[in-house]
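Next come the chains, spelled out residue by residue.
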Amino acid sequence: MKRSKWALPYFIFLVLFVLLPLIIIAVYAFRATDGTFTMSNISAFFTKPTIVKTFWRSMEIAVENTLICLLIGYPVAFILADKNLNKSAFTAILFILPMWINALMRTIATAEIFHAAGLPLGRGSLLFGMAYDYLPFMIYPIYTVLNKMDKSYSEAARDLGASSFKAFTKVTLPLSLPGIMSGIMMVFMPTVSTFAVAEILTRNKIQLFGSLINEQFNNMMWGQGAALSLIMLVIVGLTTLLPTGEAEETEGGTI
Amino acid sequence: MTYTGKKIISQAYLWFVLALLYAPIIFIGIFSFTEAKSMGNWTGFTTQLYTNLFTGSGRSTSALIQAIQTTLIIALVAAAAATLLGTLAAIGIYNMRGKRKKTIEFMNNIPLVNPDIITGVSLFLLFTLLHFTQGYLSVIIAHITFCTPYVVLNVIPRLTQMNPNIYEAALDLGAKPGLALRKVLLPELYPGMLTGFILAFTMSLDDFAVTFFTRGSVGLETLSTYIYADSRKGGLTPELKPLMTIIFLLILVVLIIVNIRTIKNNKTK
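Just so you know, the sequences run in chain order A and B.
When we follow the working numbering, the leftmost residue of the first sequence carries the number 89, and every step to the right adds one.
When we follow the working numbering, the leftmost residue of the second sequence carries the number -16, and every step to the right adds one.
Treat each hint with caution, since some may be false.
To be verified - With a cut-off of at most 20 Å between alpha-carbon atoms, the simulated SDA-like pairs for lysine to any residue come out as follows:
hint : chain 1 : residue 1 : chain 2 : residue 2
1    : B       : K(-10)    : A       : N235
2    : B       : K247      : B       : F231
3    : A       : K171      : A       : I189
4    : B       : K(-10)    : A       : F99
5    : A       : K171      : B       : V236
6    : A       : K175      : B       : K82
7    : A       : K293      : B       : K216
8    : A       : K171      : B       : K82
9    : B       : K82       : A       : F99
10   : A       : K171      : A       : D238
11   : B       : K(-10)    : A       : I160
Said to hold, decoys possible - One-sided and incomplete, this derived list gives chain B residues near chain A with beta-carbon spacing under 10 Å:
hint : residue
12   : I100
13   : T116
14   : Q117
15   : Y119
16   : L120
17   : L226
18   : T245
19   : K247
To be clear, the hints were calculated from the coordinates, so they are not data collected in a lab.
Using N, Cα and C, we set each Cβ at its ideal position, and we do this for glycine too.
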């Protein structure tokens, strides 16, 4: 079939601007400034205290942020998807509306609110601001899955004598796992890799892994920066291997 | 618990989270009516900032307006190119089988899961190595890379839903491939292309990290990089506050209109 050739321009584009750049990152990660092979950029990740510390700190903050988003977001998605608790579809849209305002601007405003309230900028403001930025990314996939779920399953569990709590933990929650997984994916990695958001929310007090990469490139330390990027890529690759069910769904819906 | 009790608690919870989500936006809105540089500092009611924004007066308003124009041009060009490239690719992928299909689908997913800082850094290295002058063109190319997957993923479902025989029938009845494409294929794919375009456009508008690394040193500023530079200097251009307020209200109005129309359509069905 000739029409399969229509994908050729995009294929070439992907090779040139997606694959090749990633290969370049890998090359630079193992390249010393004089062009010879080196492992020192990679080994710095395991030995250099500032890098090790920053890495674990960002992992910690990313886990905390993901948990906060999940704990706040799941009930929201649940209520939005329940026709008895929430009748208006417009409420669901209200939750994604803030995303159309420039993320940095919203972040600055969050920092200013903390400032105006006399609260210190640090871990607290960072977690608050991040949860605020990423909450819609958690709510939306869970909402989509819950919305499509056949309600008769949990009704059947109730009819067969399960308490509403049990019907939720044994039926609804497991069935919504794909949504939870894609929500976690959409919140976790961006949290690790962000740098501007952390800078603004903590006035540079707390550095995340993304800020570290940015700093390496700013200081022309391309090899070190590439090595850290490569490590982040490997982590991203590993997280995509997690069982996500039908997480890849990107049906637009009515936005 | 009674049912109404549950409902009241649920609604209260929703509105509480919404209040938190909207607090910064409302904060921006309120302080767009006072001239103080830092938010949270009220120096009396004035609409001066709005006037500055529309007349281009004010210390850095012209730079801000320039940044808005750049952002819009990049987003429009990148989204249009991504829609064209992605639609062609979707048709191609739909007609592929086996390993080749798997490969290109996998590659299409890379920009989606890639953290934007990695996309930015990797393209920065590529452009630098190729001695490609970084500026408008490099930023647009970079935006196309992370925009196109959204178009592809929104057009493919339209293809799977449509009856493949319609296109073949058009060809059999003597339509040239170009005509069959315009009269048969495109109308079927149009909703997917539109969703893809809108997604691509908003992703491009909101991007910071990729632009930051690929814009080079020619002084190209989009709204995001402009705001970032401003925040590093310590003083936000005050006219940003009315700008964000206007953008927010515009989107709110558009959404309300769209929703009233869909509700009406659903009722007449």
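A quick look at each hint next to the structure:
1. B:K(-10) - A:N235: 18 Å, holds
2. B:K247 - B:F231: 24 Å, violated
3. A:K171 - A:I189: 29 Å, violated
4. B:K(-10) - A:F99: 51 Å, violated
5. A:K171 - B:V236: 25 Å, violated
6. A:K175 - B:K82: 46 Å, violated
7. A:K293 - B:K216: 16 Å, holds
8. A:K171 - B:K82: Judged against 20 Å, a Cα distance of about 43 Å means the pair is violated.
9. B:K82 - A:F99: 14 Å, holds
10. A:K171 - A:D238: 13 Å, holds
11. B:K(-10) - A:I160: 17 Å, holds
12. I100: Holds: closest Cβ of chain A sits about 5 Å from I100 of chain B, inside 10 Å.
13. T116: 16 Å, violated
14. Q117: 13 Å, violated
15. Y119: Violated. Min distance 16 Å.
16. L120: Where the cut-off is 10 Å and the nearest Cβ of chain A is about 12 Å from L120 of chain B, the hint is violated.
17. L226: L226 of chain B check passes; min Cβ-Cβ to chain A is 9 Å, inside 10 Å.
18. T245: 7 Å, holds
19. K247: With Cβ-Cβ at 13 Å, over 10 Å, it is violated.
Hint compliance for this structure: hints 2, 3, 4, 5, 6, 8, 13, 14, 15, 16, 19 are not met, and every other hint is.
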